[in-house]
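**Q** Spelled out, the chains give:
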Amino acid sequence: MTPAFRRQRALADYTLAALARRRGKNIGLVVIYALVVFVVASALLFSSALRHEADTVLAEAPELIVQNLAMGRHDMIKGDVIDDLAAIRGVTRVEGRLWGYFYDSVNGANYTLMVPLDPDRVLAPGEAMIGEGVPRVRGMFWETAPLFLSRYSGDLVRFDVVERISSESALVSTDLILLNEADFRDFFGLPGGVYTDIAVTVRNSREIETIMSKASALLPEARFITRDDISRTYQKLFSWREGIMVALAAAALLAFAIFAAEKASGLSAEEAREIGILKAVGWNMTDVIAMKLWEGALISAGAFLIGTLAGYLHVFTFQAGLFAPILKGWSVIYPDFALTPRFDGVQIAALFLITVLPYTAATLVPVWRVAAADPDQVMR
Amino acid sequence: MIFQTPILALLLVSALASAVALWSGWFALRVLRHWNLASGSREQLQLERATELVSTLFRFVMLAELAALVLFVFNADRMAPLFVGAMCAVGTLSANDWGFPALYLKIAVFFAASVWLMLDRADRLGHDYPLTRLKYGAILAIAPLVVASAAVQLTYFLNLETDVITSCCSKVFTAANDGIASEMTGMDPARALWLLAGAGLAVALAGTVSLWRGRGHGVFALAGAAFFLVALVAIVSVISLYIYDHPNHHCPFCILKPDYGYVGYALYLPLFVATALAVGAGSLRPFAQVESLKAVLPAVLRRQVMQALVGFAIFGVVVIWSIASSRLILFG
Numbered sequence: 001m002t003p004a005f006r007r008q009r010a011l012a013d014y015t016l017a018a019l020a021r022r023r024g025k026n027i028g029l030v031v032i033y034a035l036v037v038f039v040v041a042s043a044l045l046f047s048s049a050l051r052h053e054a055d056t057v058l059a060e061a062p063e064l065i066v067q068n069l070a071m072g073r074h075d076m077i078k079g080d081v082i083d084d085l086a087a088i089r090g091v092t093r094v095e096g097r098l099w100g101y102f103y104d105s106v107n108g109a110n111y112t113l114m115v116p117l118d119p120d121r122v123l124a125p126g127e128a129m130i131g132e133g134v135p136r137v138r139g140m141f142w143e144t145a146p147l148f149l150s151r152y153s154g155d156l157v158r159f160d161v162v163e164r165i166s167s168e169s170a171l172v173s174t175d176l177i178l179l180n181e182a183d184f185r186d187f188f189g190l191p192g193g194v195y196t197d198i199a200v201t202v203r204n205s206r207e208i209e210t211i212m213s214k215a216s217a218l219l220p221e222a223r224f225i226t227r228d229d230i231s232r233t234y235q236k237l238f239s240w241r242e243g244i245m246v247a248l249a250a251a252a253l254l255a256f257a258i259f260a261a262e263k264a265s266g267l268s269a270e271e272a273r274e275i276g277i278l279k280a281v282g283w284n285m286t287d288v289i290a291m292k293l294w295e296g297a298l299i300s301a302g303a304f305l306i307g308t309l310a311g312y313l314h315v316f317t318f319q320a321g322l323f324a325p326i327l328k329g330w331s332v333i334y335p336d337f338a339l340t341p342r343f344d345g346v347q348i349a350a351l352f353l354i355t356v357l358p359y360t361a362a363t364l365v366p367v368w369r370v371a372a373a374d375p376d377q378v379m380r
Numbered sequence: 381m382i383f384q385t386p387i388l389a390l391l392l393v394s395a396l397a398s399a400v401a402l403w404s405g406w407f408a409l410r411v412l413r414h415w416n417l418a419s420g421s422r423e424q425l426q427l428e429r430a431t432e433l434v435s436t437l438f439r440f441v442m443l444a445e446l447a448a449l450v451l452f453v454f455n456a457d458r459m460a461p462l463f464v465g466a467m468c469a470v471g472t473l474s475a476n477d478w479g480f481p482a483l484y485l486k487i488a489v490f491f492a493a494s495v496w497l498m499l500d501r502a503d504r505l506g507h508d509y510p511l512t513r514l515k516y517g518a519i520l521a522i523a524p525l526v527v528a529s530a531a532v533q534l535t536y537f538l539n540l541e542t543d544v545i546t547s548c549c550s551k552v553f554t555a556a557n558d559g560i561a562s563e564m565t566g567m568d569p570a571r572a573l574w575l576l577a578g579a580g581l582a583v584a585l586a587g588t589v590s591l592w593r594g595r596g597h598g599v600f601a602l603a604g605a606a607f608f609l610v611a612l613v614a615i616v617s618v619i620s621l622y623i624y625d626h627p628n629h630h631c632p633f634c635i636l637k638p639d640y641g642y643v644g645y646a647l648y649l650p651l652f653v654a655t656a657l658a659v660g661a662g663s664l665r666p667f668a669q670v671e672s673l674k675a676v677l678p679a680v681l682r683r684q685v686m687q688a689l690v691g692f693a694i695f696g697v698v699v700i701w702s703i704a705s706s707r708l709i710l711f712g
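The listed protein sequences derive, respectively, from chains A and B.
Quick note on numbering: this note's numbering labels position 51 of the first sequence as 51, and the sequence is numbered without any gaps.
Quick note on numbering: this note's numbering labels position 151 of the second sequence as 531, and the sequence is numbered without any gaps.
If you're looking for bench data, these hints aren't it; they were derived computationally from the structure.
It is possible that part of the hints are untrue.
[Unchecked claim] Below, a list of computed lysine-lysine pairs in the DSS-like style, where the Cα atoms sit at most 27 Å apart:
#1 B/Lys674 <-> B/Lys551
#2 A/Lys25 <-> A/Lys263
#3 A/Lys236 <-> B/Lys551
#4 A/Lys78 <-> A/Lys236
#5 B/Lys551 <-> A/Lys214
#6 B/Lys637 <-> A/Lys236
Computed from a prediction, not measured in an experiment: that's the story for all the values here.
Same shape as in the complex, but just chain B (with noise of 0.2 Å):
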């Protein structure tokens, strides 16, 4: 099943990132073991300057990664008619065993991709490179996981077979099941609702917090995270059901439909996006100390809380509409 286009094209993207990812991850054993900037040497000299090219390389292939991340969902979506039982994203990728492992991979993949672009941008501020060695480090954690993601993509697009039956939503997404989709589909709507209202107020508040002291980035990122988990739980369990105006259908896939106006984008990218954000900047609060980064590193932080804070403004207004414009009547 590997001549379809946009297979070809995810292909081709997971295959470039693979050999840039191994070939950055090689480069970073080299700085981690003679990186040294007091040092004139002519060894330190072609290492710097193939920073460069690595780092433009490797920022260049995330990017691309992340492009590869919506174009699969959408692409298995559009790839259900295909499939006998499939409706929408959740039969294409449950046609086999790697369907669902290549998407959290991806998933993974495009949150320490984005970490890594911050981590990046904030080594640049500086004039010393204050990161580099932190930096070259995180290549050496993410190379595996891209690797890994572009294998079990491969797997999952060779195995995919056209003639299986598959799985529809319908059947994945019932209480009745057991598994981690019957449990956040099980979740009283009520409860879930509640849940999401409050991680979004503990949100708000550490975002406020952390604009107005300049501090507690860490607390804001774990909130984010935590909000991400919630919301996605609160989409199963009960935003879905307001978007399809029926109280049993679950999914969270079928909302990406253009049935449903593509509603899911408008939830999921600022979800998405406000938490990669979060999670960067709690993770580089803690350089905001060094000595080179002072200066400039609390502006970014403070934009980059600012942006995430919208995206979840975004994400919660999306899911108020959601909920107004409904037909469907879950409480009273």
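Next up, chain A with everything else stripped away, as it sits in the complex (with noise of 0.2 Å):
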């Protein structure tokens, strides 16, 4: 053991010892320290554990979607071009999708109809599969309840529900009901041969750009969304609700950083003593500043590890109660879903020079002032 590490080792063990004489203003302190970190790490692991989720869902959609534009706004699409599109070299399927969304005006919510593209799931006139938030809004406990849907006041259309979409993919799948072909375009009235838009499923993903070119020239009227697009777009939106809320939490941060340079600056008549008395016996600027930043650091540590901890339950075991409604968005029928736990280091990182920073800095000068203090006037 080196002298060196051996007194760091004698002045933590010395600082532990002073701080647990003052238990009490310390865990205080402490816990409003903690508070700010939790605030800070509910915040970013909330936001984490959502990009990773959508990207987790994402995994599974098409490559391309092709969408057909009337006036700058989303218009059905021919089923002719799906023949032009899959004669593009490189792309492997090509389907036509229905989907289109219905407003419940019995109790406000929106669902999401669509034809299943799924072999597995094809569905017979007059069936229907729903997903784990239909049953809940409309109230139906009886397991084989069949649905009704009214478009209009004195309409009634009837579909048996044969099968109820675990909550496991609840993210996507919760408003959800699956109809049949023919039974989606006659409740919509929709013509045959168009749909809503087009899935193209490319086999390299390097291609799609190349593919997109392509098929712009063959639909020039067109809009394409490439998955990278979606997936861009929730990182961005779900980052910066993040970077929003760590940006409210910063005037936490300030008035707790100013707190903290109050505490450090304003020694109780006890403390002060023992400075003096330290000094007295022999230690010397460097020494008390030492122990100080040993106390700092102690503080800091316990707090983030307290912090970051309780964020981590709050998030994970709590679901986000707190700030859900913030970094989640709202609906009338939203998903329940358990988020995925998972630990970013950039994440680790940045919050803790986002919350141990601020403290530091702030406690580094009035340790100073009171380190740099003659004995005799500290202990006066």
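Each chain sits in its own coordinate frame; assemble them with the hints.
**A** Below is the structure:
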């Protein structure tokens, strides 16, 4: 063990004992500090989990979506372009998708109605599969209760529910109602041969740009949305919301930094006497500063650990009850989903810098002022 | 684009660092003008007390800057999916004209900060603070660097637009372009490896000599700096190829990605730390003659040279390991 290491160990030892002597005051400081860390940590962890969730969901999405535009708005697209798109080299599958929204005047929720493309989910006329949120807002407690949808007063369409989609995929399926194609066209009064949009599956994702440029030569009016575009938008949206939360928390951080500076400069009579005695028995300014830095480091480490842990539990065990409305967005029929716990190194490093740095910066000058004072002056 | 937590953290660090650097610079002027250890005047006493504060603050800020360099690169790599065409940190950094200058300035601050921290430590070893004037002279040189780095970084982040199309690393690091990146890429792999081995040998020799004779730290520092440059060239020219198992992908940033087990950090961190230690040893050596440091500084230098050699050795081991475990066969 080198002398320098021994010295630091002795200092840490002494500081811990000193902290324990003023337990009440220090616990108060750690609690407030941890609270600040908790707020920022919750925002970071929650939005990082949401970004991850979005990416997981999008992994299943088609690489490219082609939509028709009319007057700058989304319009139905004709089915005959499917063959043209399928002829482009590198495209493995092209499918016309049928989906739309239905406003349920009973409870004010919006459902997503869709025709499944998955061959395992082919439905007979009059049948439907529904997401877990639909029975929840409709109060369909009876497992085999049929679904009635009303487009206008006096209208009632009945679907037999053959399956309730499990809540594992709640993030995408909570408000979903899957229908047979004929039923769908009939329900919305849609002519044959048109689709909401067209999903293009590409074998090599590096060829998407090229395929897109070829397709836009074929369909100059159409809008092309790649999976990366959607993913990028989600990443930006969640990062931005997180950033706003953190920027708002900056006010709390600033208040805390002022509080910490105040606390570090206003010494209690007992503390002043302690430093006076230390200096009288031969400690110099460097030793006192080192001791005070240890104090700050121990308090920071404690508060950071407690705050991060509490944030982690808040987000992943209690579903971020406090911040969810801001970060998730809202809706009448909101999915119930469990977030996958994950830790991101960048986030933790950023969290550490954002919370510990202001505290340290705020306390350094008061600490020096205390350490530089003459022993008799402090003790008096 | 500044409303991203890592960016906010980086801006916070650089704002604090600039504030401290400016204030320390102003204080350094006072020290240079009035410092006189022989005097017992009120001003000298105040200066002596304040030096403790300034070095504590500056030390703290420099440590934060070291952490910020790693966070900056890590964050650039993580933000790549937000940019069209970007696949790694290169895309994020070349999204506008300020990205790479910001990185280079941060690296310059890293080396300046580490040399300053070593100077500060040596100064504290002597009972009469023999290096105080020099230390504060150095602050005057470092402060503008810190402020410039903060300003360039702020400009970079403020001008960061995610809807611009940026370049992928596979476009930047090809031999076909002009510029230093392609010069590095274009170097023959065999020659790069020989150069690296030669530089490694030179570092080992210079290090052993300075450990044995207690002299020649200047040569060791030069060898270390040369090794640093050669190592960067070798990473671009040949080591990255082995890591990617690919004969044409030269990017020095993709190796930082999780896809390659973060092996880049295992290469860069020891390399940067060892180079900083070597350069620091070289710059401290002249002061081993100072009366109050004669007894202590040589031992410190010895330890520092040893640590630098260990760092270079770790780098070497990682290089050999990534070549040995690669499935790419470049020679033979």
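**Q** Mind listing which of the numbered hints don't hold for this structure, in increasing order?
**A** Hints 1, 4 are the ones this structure does not satisfy, whereas the remaining hints hold.
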